[in-house]
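Undergrad: Based on the provided sequences and hints, a complete structural model is requested.
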Amino acid sequence: MLSAGTPIRSKQASLPVGRLNKAPIERGLSSREFGTQSLRLAHATRRRLPPFFLSTTTGLVRRHTFRVADKACYWHSTATRKARGDLRMYHTPISYGHSTPTDHDHDRNGVHLDLDPYNYTSGRWLRNDEEERASRYIQFDFDALRRKVLNLSPGASTITKCQKLEGGFNRVFIFELDNDKRVVARLPFSLAGPAQLTTSSEIATIEYLQTNTTVPIPKILDWSNDATSIDNPIGSEYIIMEHATGVQLHKKWHEMDDKKRIKCIDAIYRKLKEVVDLQFPCFGSLYSIHSPVSPDNRRVLDAEFCIGPHCGTRYWDCDVGRGQASHDTKPNRGPWNDLYEYCDGLIDAGLSRLPAVDSETKRRPMYHGSVETHKMLLAQTRDLMRSMSQDFRIKDCATPVLFHPDLHKRNIFVSENDPSEITAIIDWQAASIEPAFWYADEIPDFATENEVCTRAFDVCTQFLIPTLSKPRLMDENLFRPFRYSYRTWKDGAAALHHDLIDTSQNWEKLGFAGPCPYAVPPPHELADHQKKYRLFEAAHNLRYDLAGLLNTATDGWVSTGDWEAAQTAHHEMFDGMLQAVLTNPEIDDPDEPVKDEETLRSIWPFDI
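Numbering follows the UniProt record's numbering, in which position 289 of the sequence shown is assigned residue number 289; successive positions increment by one, without gaps.
Just so you know, the hints here were simulated from the structure itself, not pulled from any lab data.
Mixed in with the good hints there might be a few duds.
[Stated by the list, open to error] With a cut-off of at most 20 Å between alpha-carbon atoms, the simulated SDA-like pairs for lysine to any residue come out as follows:
{"id": "1", "residue 1": "Lys531", "residue 2": "Asp502"}
{"id": "2", "residue 1": "Lys181", "residue 2": "Ser157"}
{"id": "3", "residue 1": "Lys181", "residue 2": "Phe140"}
{"id": "4", "residue 1": "Lys181", "residue 2": "Glu131"}
{"id": "5", "residue 1": "Lys251", "residue 2": "Ser420"}
{"id": "6", "residue 1": "Lys251", "residue 2": "Glu449"}
{"id": "7", "residue 1": "Lys531", "residue 2": "Ile587"}
{"id": "8", "residue 1": "Lys375", "residue 2": "Thr329"}
{"id": "9", "residue 1": "Lys271", "residue 2": "Cys453"}
{"id": "10", "residue 1": "Lys409", "residue 2": "Ala424"}
{"id": "11", "residue 1": "Lys509", "residue 2": "Asp475"}
{"id": "12", "residue 1": "Lys409", "residue 2": "Pro444"}
{"id": "13", "residue 1": "Lys219", "residue 2": "Glu304"}
{"id": "14", "residue 1": "Lys271", "residue 2": "Glu416"}
{"id": "15", "residue 1": "Lys595", "residue 2": "Arg534"}
{"id": "16", "residue 1": "Lys490", "residue 2": "Ala379"}
{"id": "17", "residue 1": "Lys251", "residue 2": "Arg182"}
{"id": "18", "residue 1": "Lys490", "residue 2": "Thr329"}
{"id": "19", "residue 1": "Lys409", "residue 2": "Asp383"}
{"id": "20", "residue 1": "Lys395", "residue 2": "Trp507"}
{"id": "21", "residue 1": "Lys375", "residue 2": "Arg480"}
{"id": "22", "residue 1": "Lys271", "residue 2": "Thr423"}
{"id": "23", "residue 1": "Lys251", "residue 2": "Pro218"}
{"id": "24", "residue 1": "Lys509", "residue 2": "Leu473"}
{"id": "25", "residue 1": "Lys395", "residue 2": "Asp383"}
{"id": "26", "residue 1": "Lys595", "residue 2": "His529"}
{"id": "27", "residue 1": "Lys375", "residue 2": "Tyr518"}
{"id": "28", "residue 1": "Lys161", "residue 2": "Ile217"}
{"id": "29", "residue 1": "Lys219", "residue 2": "Glu207"}
{"id": "30", "residue 1": "Lys273", "residue 2": "Ile217"}
{"id": "31", "residue 1": "Lys273", "residue 2": "Thr399"}
{"id": "32", "residue 1": "Lys271", "residue 2": "Thr454"}
{"id": "33", "residue 1": "Lys161", "residue 2": "Thr245"}
[As the list claims (entries may be wrong)] Cβ-Cβ distance ranges computed for the label pairs, FRET-style:
{"id": "34", "residue 1": "Val247", "residue 2": "Asp588", "range": "58 to 66 Å"}
{"id": "35", "residue 1": "Ser157", "residue 2": "Pro233", "range": "18 to 26 Å"}
{"id": "36", "residue 1": "Val520", "residue 2": "Asp231", "range": "55 to 63 Å"}
{"id": "37", "residue 1": "Val247", "residue 2": "Leu510", "range": "45 to 53 Å"}
{"id": "38", "residue 1": "Lys259", "residue 2": "Glu592", "range": "45 to 53 Å"}
{"id": "39", "residue 1": "Asp141", "residue 2": "His571", "range": "34 to 42 Å"}
{"id": "40", "residue 1": "His524", "residue 2": "Glu341", "range": "48 to 56 Å"}
No experiment lies behind these values; they were computed from the predicted model shown.
Backbone N, C-alpha and C define an ideal beta-carbon position, used for all residues, glycine too.
TA: Structure follows, in structure tokens:
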């Protein structure tokens with residue numbers, strides 16, 4: 001059993017914050033970033049927002065009333081990882097999300113009289129608000145859902161209470177019944193992933209884990225992956241399951257001393273070890289052998305399960321406001337037999353997001369790059385990754401691994417009396433089989449609590465799941481080119497270009513054999529790139545600083561109660577920032593990325 005004094009047998013005794021600092025890609029907060037992002041941003045770049053602006057906007061925020069970030073904001077930030085702003089593709093909790101208030105009158109069926117089952121009501125967005133909310137509208141038969149829940153609950157005749165919860169990708173209803181049971185019904189938004197496949201894969205993943213491991217997952221009572229089937233009276237894809245037993249770990253965490261926390265972390269990873277130890281022949285997503293996956297597009301595992309196309313949103317047209325892509329590239333969504341094929345899938349995903357060359361695109365910052373620039377960089381990245389994927393060190397860290405897609409305290413349930421007893425691990429939506437190094441920088445929130453928890457996390461991963469721990473201990477530059485190629489059109493060309501240059505400049509130091517497939521650009525091109533990359537960094541920092549000052553998610557999500565105040569503060573912040581730019585005494589500094597109103601507007605992350 002681990003103790004507070006257990007030694008660390010590695011060179012890494014702290015969280016690898018350098019992974020974020022060296023690749024400041026705009027994305028939704030992941031679990032490990034929550035609560036620590038502001039500290040990391042302080043070291044992320046040389047250039048910060050002008051001091052005048054920070055002092056001005058801080059004062060503006062104080063004139064408005066904002067609640068302390070609650071679980072709704074937390075869930076939205078985590079869920080919109082993905083990615084979606086993704087490091088991974090951010091996933092919504094199975095039973096918890098943005099909570100609709102529960103202190104309302106109920107009808108005789110236990111439903112809030114003002115509950116709106118169909119529309120998104122938990123928040124608004126400072127960017128693309130109408131599109132964001134429209135993408136989360138679900139047309140279905142709520143009465144049919146309630147009847148289905150009662151039919152699945154022996155001994156129950158009435159729903160005594162119904163609570164609506166909303167996350168980034170799903171709408172959840174928690175039904176309390178007159179037999180003292182609770183049932184969870186979850187309906188996915190259209191942006192959660194490909195129709196039919198997302199639900200099919202989640203069901204198969206849960207059933208596969210329940211068959212091959214002892215990981216506790218709530219029992220599935222009923223589900224449908226076809227919203228139009230005559231056998232589905234609800235009219236939406238859905239999963240209905242028992243409510244997890246026990247209590248969410250985050251509700252017990254503050255009561256636990258370090259010894260109990262260490263014991264709990266140990267218990268979590270002993271369960272997850274069973275998942276990591278599962279062996280798979282290729283990369284992709286799990287499905288039932290009877291799922292709607294073409295026999296020509298799957299690898300059979302056994303009589304019940306197969307590996308088919310990756311259902312993660314990075315391979316599908318799911319992003320809000322993405323626009324029409326060119327689709328010049330044939331879809332390449334897996335499954336992939338080896339790392340070489342997997343890398344091609346990432347590049348093809350990036351190409352599939354590019355609009356037609358002759359299409360009109362909205363004004364973007366200068367670091368974004370043209371369609372032709374993106375095509376050129378992605379072609380160069382394909383050659384680079386193909387070469388790197390042959391290196392024995394990278395191959396050794398590319399074992400196909402299934403892991404939890406969004407591990408944190410709210411997705412873990414524990415015994416009320418003994419929090420080291422894990423009673424459920426929920427939210428397996430979009431779980432996929434990835435190269436082990438893909439999970440290397442996934443650090444759960446319970447590992448960031450204090451130094452003792454960090455050490456416990458390090459020891460547990462090293463001794464219980466070394467497959468995932470090994471790439472964490474290696475130079476992260478070995479894996480950087482693999483991480484962001486699929487989202488280059490969203491991030492801008494400068495981010496991927498920077499990784500290519502950095503890899504080429506350090507090729508020999510990284511220990512690769514032979515010449516680098518990507519040649520370092522000549523000095524004048526490097527200087528031009530550095531100028532664009534400084535603006536990219538400024539845009540990245542601006543987004544996170546604004547989110548922190550406004551108490552919003554990085555995509556501009558604001559709880560409904562804070563909407564009007566946030567809008568007012570946001571516009572005042574823009575005016576303050578513009579004034580700071582126009583009166584900046586260092587405006588002639590060649591290293592200053594934002595020099596005029598046009599540039600500021602081009603990188604401003606929200607609608608103005």
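Undergrad: Hinted pair, alpha-carbon criterion (20 Å max): lysine 251, glutamate 449. Please report holds or violated.
TA: holds, 14 Å
Undergrad: Hint check: lysine 273 vs isoleucine 217, CA-CA at most 20 Å. Holds or violated?
TA: holds, 15 Å
Undergrad: What's the verdict on lysine 161 and threonine 245, does the C-alpha distance respect the 20 Å limit or exceed it?
TA: holds, 18 Å
Undergrad: Lysine 271 and cysteine 453 were given as a pair; does the straight-line alpha-carbon distance stay at or below 20 Å?
TA: The hint holds at about 18 Å.
Undergrad: Holds or violated: are the alpha carbons of lysine 271 and glutamate 416 at most 20 Å from each other?
TA: holds, 18 Å
Undergrad: Run the distance test for lysine 181 versus glutamate 131: straight-line Cα separation, threshold 20 Å.
TA: Measuring from Cα to Cα gives roughly 37 Å; hence the hint is violated.
Undergrad: Starting from lysine 509, check that the Cα of leucine 473 is at most 20 Å away, please.
TA: With a Cα-Cα distance of about 17 Å, the restraint between lysine 509 and leucine 473 holds, given a limit of 20 Å.
Undergrad: Lying within 48 to 56 Å: is that true of the beta-carbon distance histidine 524 to glutamate 341?
TA: violated, 37 Å
Undergrad: Tell me if the beta carbons of lysine 259 and glutamate 592 are separated by a distance inside 45 to 53 Å.
TA: The hinted range 45 to 53 Å holds for lysine 259 and glutamate 592, with Cβ atoms some 51 Å apart.
Undergrad: Does histidine 529 lie within 20 Å of lysine 595 when you go C-alpha to C-alpha?
TA: holds, 17 Å
Undergrad: Could you grab the alpha-carbon distance between lysine 375 and threonine 329 and see if it respects the 20 Å cut-off?
TA: Judged against 20 Å, a Cα distance of about 11 Å means the pair holds.
Undergrad: Are the Cα atoms of lysine 181 and serine 157 separated by 20 Å or less?
TA: holds, 11 Å
Violated hints, listed in ascending order, are 3, 4, 19, 28, 40; each of the other numbered hints is respected by the structure.
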